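Trainee: Just need the whole structure built from these sequences, with the hints factored in.
Note that the protein sequences, when read in sequence, are chains A and B. All residue numbers for the first sequence refer to this note's numbering, where the first residue is 13 and numbers rise by one. All residue numbers for the second sequence refer to this note's numbering, where the first residue is 13 and numbers rise by one.
Honestly, the hints are just simulated from the structure, not real lab data. Treat the hints loosely; a few may be bogus.
Identical chains blur together in the list; that is why a pair holds if it fits in one copy or across any two.
[As the list claims (entries may be wrong)] Cross-link-like lysine-lysine pairs, in silico, DSBU-like; alpha carbons within 30 Å at most:
| hint | residue 1 | residue 2 |
| --- | --- | --- |
| 1 | K164 | K282 |
| 2 | K164 | K31 |
| 3 | K164 | K225 |
| 4 | K358 | K345 |
| 5 | K67 | K378 |
| 6 | K113 | K67 |
| 7 | K283 | K358 |
| 8 | K31 | K283 |
Note that the coordinates shown come from a computational prediction; the quantities given were computed from them, not determined experimentally.
2 protein chains.
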Amino acid sequence: MKHMPTREFRHLATVEEAKRLFFDAIGTGIINEVDAVKIQDITGRVLARRVIARKYLPAYDISVVDGYVVRAIDLHDASSRNPTVLRLVGESRLGELPRIKVRKGETVAVATGSVIPKGGDAVVMVEHAWTLSGSRIEFRAPVGVREGITGKGEDLRPDRLVLERGCRLRAEDIGVLKALGLRTVRVVRRVRVGVLSTGNELVDAVRKYDSAKVVDLNRPVIKAMLRDLGAVAVDMGIVEDDEWAIKAALRAELARTDMILVTAGSSVGKKDLVAGCINSLGRPGMVVHGIAMRPAMPTGLAVVRGKPIVSLPGFPVSAMVAFRVFVRPLLAKLVGVSETPEFTIKAVLSERVSGARGVRTFVRVKVKRTGDGYQAVPLKAQRSSILTSMMDANGIVTLPESATLIEPGTEVSVTLTGNLAT
Amino acid sequence: MKHMPTREFRHLATVEEAKRLFFDAIGTGIINEVDAVKIQDITGRVLARRVIARKYLPAYDISVVDGYVVRAIDLHDASSRNPTVLRLVGESRLGELPRIKVRKGETVAVATGSVIPKGGDAVVMVEHAWTLSGSRIEFRAPVGVREGITGKGEDLRPDRLVLERGCRLRAEDIGVLKALGLRTVRVVRRVRVGVLSTGNELVDAVRKYDSAKVVDLNRPVIKAMLRDLGAVAVDMGIVEDDEWAIKAALRAELARTDMILVTAGSSVGKKDLVAGCINSLGRPGMVVHGIAMRPAMPTGLAVVRGKPIVSLPGFPVSAMVAFRVFVRPLLAKLVGVSETPEFTIKAVLSERVSGARGVRTFVRVKVKRTGDGYQAVPLKAQRSSILTSMMDANGIVTLPESATLIEPGTEVSVTLTGNLAT
Chain A
13 MKHMPTREFR HLATVEEAKR LFFDAIGTGI INEVDAVKIQ DITGRVLARR VIARKYLPAY
73 DISVVDGYVV RAIDLHDASS RNPTVLRLVG ESRLGELPRI KVRKGETVAV ATGSVIPKGG
133 DAVVMVEHAW TLSGSRIEFR APVGVREGIT GKGEDLRPDR LVLERGCRLR AEDIGVLKAL
193 GLRTVRVVRR VRVGVLSTGN ELVDAVRKYD SAKVVDLNRP VIKAMLRDLG AVAVDMGIVE
253 DDEWAIKAAL RAELARTDMI LVTAGSSVGK KDLVAGCINS LGRPGMVVHG IAMRPAMPTG
313 LAVVRGKPIV SLPGFPVSAM VAFRVFVRPL LAKLVGVSET PEFTIKAVLS ERVSGARGVR
373 TFVRVKVKRT GDGYQAVPLK AQRSSILTSM MDANGIVTLP ESATLIEPGT EVSVTLTGNL
433 AT
Chain B
13 MKHMPTREFR HLATVEEAKR LFFDAIGTGI INEVDAVKIQ DITGRVLARR VIARKYLPAY
73 DISVVDGYVV RAIDLHDASS RNPTVLRLVG ESRLGELPRI KVRKGETVAV ATGSVIPKGG
133 DAVVMVEHAW TLSGSRIEFR APVGVREGIT GKGEDLRPDR LVLERGCRLR AEDIGVLKAL
193 GLRTVRVVRR VRVGVLSTGN ELVDAVRKYD SAKVVDLNRP VIKAMLRDLG AVAVDMGIVE
253 DDEWAIKAAL RAELARTDMI LVTAGSSVGK KDLVAGCINS LGRPGMVVHG IAMRPAMPTG
313 LAVVRGKPIV SLPGFPVSAM VAFRVFVRPL LAKLVGVSET PEFTIKAVLS ERVSGARGVR
373 TFVRVKVKRT GDGYQAVPLK AQRSSILTSM MDANGIVTLP ESATLIEPGT EVSVTLTGNL
433 AT
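Mentor: This is how it looks when you write it as structure tokens:
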């Protein structure tokens, strides 16, 4: 039993400094491998090659109403007193190319979406036409040229940029890509993230109730957070507080993943082996170790062989906060998109919250609807050892480094982490 | 070729009326079948049975710092001038139940998370203790009782309500459920939604470029939107504009799904067969047909044998808007949660937008960051036939029934449908 001399973090980087140093050390870091995915499976993926239209959309002039295709000039003098009667010569059916033409004095029936027959240059809505007999249709007003028609290429033309490289694809994009006749698009491969837990006390499940073993919560939580953000979580299991074991695990997975997240052992105590292990694997190693934030002060941000390794604190609350602050923007960076926006609302603080000067404090709150707005109630237990504080919260209020307290009644910005309580 | 007399919607319900009539006709409608899912797979699912704690969390008094367990009374007189020296009698190791006790004049070393040995009632941080020799530790200040300790059950106690029935589960909940020793929880079964497209002109892919066939965009788009919201999409394919075929498709799938979405044929023209087909299947049938909204006016909301059927307009833009307005809250209702919140931001309108009195207008906009806020630029093409208007938009401004126009420079609320443009 050896007691090391007291070690403390010598310098705490601010959150912004830490992010900048870390991201600079990673460089561009964008994944340049691509997957070809079917159009129906694109949502959430990031486009790797821009899409240029190669077709006209619509491919033909089409009618946007149910009605009659006419030559606008034929209805030039039409009025209620002096209606114009045209001869109905046929119908342009949906899904068929019309062989019929619209000649002087003639009209052709169309449904919404039908192709406009040659010769016709306007569509009169069925509500504004009267059938006199089977083939005689009466019109009581003129119609503008192109009225009722969406022209060939009005939606998309060849060579128009449809979607830019690096955009996050949505269900709304599927329609256009399908309409262009595409079956697959190339997207950035998903980020592969190794997730390792360290600690002699950890097990995946407690079998005996008289055991002091602790169920590892960080791996399942972090894996779920990664999946929610579209990344692939590679489970690296639990290793004991043993330098050889930690190094072996990191070395093996570093080659197969884009990033590794290690939980626990992130501080500077005698059992905090992670920083040393990371530094032994390659340059530059730990870029930032110790951050002026609460919770999650003992967080380490490292880069080894161009790949990020994040050393997260062992308390799940701290690990989740550090994940949100550093890993979430990193995942966006690796696929080449700007940071995934977090949703914030304005709420009135119900109680005083306090932090320390120079430290960014993340206060877990419960946001509730009030008559005309929202109220943010700070959870009583803000200690990082209290797991329920993250579950019970649906929002986080960030107290900046410059503020040491916020008085009740102040309007604050709340980042939502869950559904609003009613 | 038969021309029906002109038919128009006699009455247009407002969006709010439509929703109320539709939801009332469905009744509670909550799915009461449950799935047992593994804790790691719960995100996005809805809890079907409330979870009550059956354990203490933490299970023992634990240390929240690296340091020394003491009897607070022993350090009562400790000061820099008159330090107290205690005898180090052992260590409480992580993951092990300590057999050692803390007796008068003794101390035991602990790491963060270790169980507090019997007799000890406070932990002094390692930074505030000095090792004189291998077994003599010096303390220069008193310590409060319970300091440095998270007590047994301080996080959770037996019989505490952990998560209420009907909550939408998140990654943040995984930690607590795992800590309670749970392996699975019961969640509401996913909503199964049939998706049917109608139209003679529709095909799944166009093979010939000289064809007037149209690729069905609605099914892939709607299926993706359903998946994004955690529902299961059941692809019912394309049927022609044929009453027998539409009825047969609806009847077959109604028994196997919780809801059906039918696209196209939703208006009152001669090819609009869907309303008639739905009404022939059972009571009450169409509850609302024709809604004072733009786009998507010809939307139908029906209930047959207790199951909702939504008749969506054929233009994909209209179908997507009607989906957002009616189907999205319905999916939440069926799993028993309050409506999935949509994220909104405030933005300054760049150009005048106009609607019609009594009609709720959904204006597709592109939201851009400006120096200190956001600007919403309405897309030029607002016609429902212009597919790119939905793809190019990242937000929707809702013009209420009472407003016919909004002037440029006005601050409006924008519902985000995509990432913010930079």
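Trainee: Confirm or reject each hint.
Mentor: Quick rundown of the hints versus the structure:
1. K164 <-> K282: Answer is between; shortest inter-copy Cα gap is 26 Å, intra-copy 72 Å.
2. K164 <-> K31: Answer is neither: 50 Å inside a copy and 37 Å across each miss the 30 Å cutoff.
3. K164 <-> K225: between (69 Å within a copy, 14 Å between copies)
4. K358 <-> K345: Both ways: K358 and K345 sit 28 Å apart in one copy and 26 Å across, limit 30 Å.
5. K67 <-> K378: Result: close only across copies, 24 Å inter versus 51 Å intra.
6. K113 <-> K67: within (25 Å within a copy, 81 Å between copies)
7. K283 <-> K358: neither (42 Å within a copy, 49 Å between copies)
8. K31 <-> K283: Within. Shortest intra-copy distance 26 Å satisfies the 30 Å Cα cut-off; inter-copy 60 Å does not.
Going down the numbered hints, you'll see the structure goes against 2, 7, while the others check out.
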